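Asker: Protein chains in written order, with the numbering used here: chain E, 1 to 300; chain Z, 1 to 263.
Don't read these hints as lab results, they were simulated from the structure.
Every value quoted in this text rests on a predicted model; they were computed, and no experiment measured them.
Careful, some of the hints might be misleading.
[As the list claims (entries may be wrong)] Here chain E is said to cover these stretches of chain Z; the calculated rule only asks that three of the stretch's residues, wherever they fall, bring their Cβ under 8 Å from a Cβ of chain E:
(1) 82 to 95
(2) 103 to 111
(3) 249 to 260
[Said to hold, decoys possible] Using 25 Å as the maximum straight-line C-alpha spacing, the simulated DSS-like pairs for lysine-lysine come out as follows:
(4) K17/Z - K133/E
(5) K113/E - K3/Z
(6) K3/Z - K255/E
(7) K112/E - K3/Z
(8) K113/E - K177/E
(9) K247/E - K3/Z
(10) K133/E - K113/E
Built from N, CA and C at the ideal position, the CB exists for glycine as well.
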Amino acid sequence: MIHTENLSKKFNDHLAVDRLTLEIPEGEVFGFLGPNGAGKTTTVRMLTSLIAPTSGRATVFGYEVGRDDQNIRRNVGILTETPGLYDRLSAHHNLMIFANLYEVPDPTGQVKKYLRLLGLWERRADAASTFSKGMRQKLAIARALLHEPRVLFLDEPTSGLDPEAARLVRDFIAELKEQGRTIFICTHNLDEADRLCDRVAVFNTHLRVVDTPRGLRQQLFGRQVVFHLGEEAAKWQTAVASHPAIKHSEAHENKLVVTLEDPETHNPELIRLLVSQGAPIRFVGELRRTLEDVYLQLVR
Amino acid sequence: MQKIKTIIHKEWAEVFKNRLVLFTVIFLPLVMIALPLGTLAAMNTWSGEFNNVQELGEMQFMGELCIGLTEIECTQIYMLNLFTLMLMILPVIIPVTIAAYSIVGEKTARSLEPLLATPITTIELLTGKMIAAIVPAIGATWLSFAIYLAGARLMLPPRIFVYLVDPMWLLAIFVVSPLLTLLSVATALMISSRVSDPRVAEQLAGMVIMPIILLVLGQSVGFIIINQQIVVLLGVGAAIIDVLLVYLSVRVFQREMILTRWK
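Required output: the full structure, derived from the provided sequences and hints.
Answerer: Structural data, given as structure tokens:
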């Protein structure tokens, strides 16, 4: 669906994107994570044929960026970092303009469908300037979907929204995922990426890593189990570390954290070992690293 | 064609909700009509006094135009020429305001990126924006001229009024004015593609009014007398510059540069 090969973009002396190679299959929700100025927006602009790559190549549904730009624009939807609405015009008018520009067969019906779907129907006649941030974002999402694009590029879809509005937008993206659309999300919100994305890439001018959120966690931290003990955990660390399944162990006050391949198999053995050594186990659980931990580890 | 129509309707819907643009499109033509009609009405009131003047040295520059006419009639023709020439400021100044907001306004509202992401070509986009600025300007000019004609018809004797419907002025209003409008719009679009503030775009593009102002000044101080030859020259000059400017405005409109230089 989306394929890039050594895709690069240089602005004068500044290298914004360096030899990006990616393969995103149809129906995947792909998270593109990176700090400010990492080149995420530049990548989206290249993939939506808004700007041309300096070198390398990219194809979207087989259409080549820089050669089949009109076909790419016809088939992708983009939610830009700022909604960029026509503030003096009504929500309905804003969408009608884009439905006509995208040559949607039934513009009125399609506009009605998305205004209803995003809960904006009652406010359709109001000027976009009167909308809250969340409503503006929803209107911009509706605009990106009017022509039923096969790929949707979302640049910071929940940035600057209050928690309720952000949740509404996230829920809607989850619905789009259910519909099987291919979605490329640039985001700083790692929790959002963790929840929504099938795979994520950590990017900072060049690609650091691509995997599923779970895969990334395992790659960097392995699977970790935490034993909450009734006493200082360091007393039992040596005994546990001697177990062949343990790759790494750490003791922090009453907590003993161990890294191992297969907790389901080895947890009972470890519990037996600790009990036999007289360790007062209060609680055992898997230590879930967040995507934020992964991201910070990779970006720092 | 559908996309061009969409852009035109969008521009009109948006731009005419902008008070500054609306003020320029409505207020300026009103002034340009009120000024000549008011002056003609005043001249009718004072006609007796003027008839008592034996020599109007200031009118000598009108030369052959005044042969066989009284001083007041000669003055009326002079005023008609001056005011009709001033009317030609309208097709230049009105579209500057509209067109300057056209690209820079989109830039500042950040609405250009989603627009450029649609399958619209640069030619379609610029054609839509140009037509959206040209039509109101020409419409306002022609309507103002029609009202000016109707008012003048009521205030002037037929032998003076006929100077107003002279082929020279019809050529100026119906042919040269649209060419000047296109010149003005292409300049404004070209400038607004390169700057980031609508006011700067408007001020820079407003410079295209200078040749008309110079003509008005030249005529008012008797330096030049507008005649058919000057009007034709103005038209041909505007047409040549139009071709050049339209070509340049398309060349200058580089999507990538406009998007990436946004601050």
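Asker: Indicate, hint by hint, whether the structure satisfies it.
Answerer: Now the hints, each set against the structure:
Only residues whose C-beta sits within less than 8 Å of a C-beta in chain E count toward coverage, and the segment 82 to 95 of chain Z has 0 of them, not enough to reach three; the restraint is violated. Counting residues of the segment 103 to 111 of chain Z whose C-beta sits closer than 8 Å to any C-beta of chain E gives 3, which meets the bar of three, so the coverage hint holds. Residues of the segment 249 to 260 of chain Z with a Cβ under 8 Å from some Cβ of chain E number 4, which satisfies the need for three, so the listed coverage holds. For the proposed pair K17/Z and K133/E, the alpha carbon gap of about 22 Å is at most 25 Å, so the pair holds.
Taken as a hint, the K113/E and K3/Z pair is honoured in the structure, with Cα atoms around 22 Å apart against an allowance of 25 Å. At roughly 65 Å between alpha-carbon atoms, K3/Z and K255/E are farther apart than 25 Å, so this suggested pair is violated. Between the alpha carbons of K112/E and K3/Z the distance comes to roughly 20 Å, so the proposed pair stays at or under 25 Å and holds. Annotation: proposed proximity of K113/E to K177/E holds, straight-line Cα distance about 18 Å (limit 25 Å).
Of the supplied pair hints, the one linking K247/E and K3/Z is violated, its CA atoms being roughly 63 Å apart against a limit of 25 Å. For the proposed pair K133/E and K113/E, the alpha carbon gap of about 21 Å is at most 25 Å, so the pair holds.
In this structure, the hints that do not hold are numbers 1, 6 and 9, in rising order.
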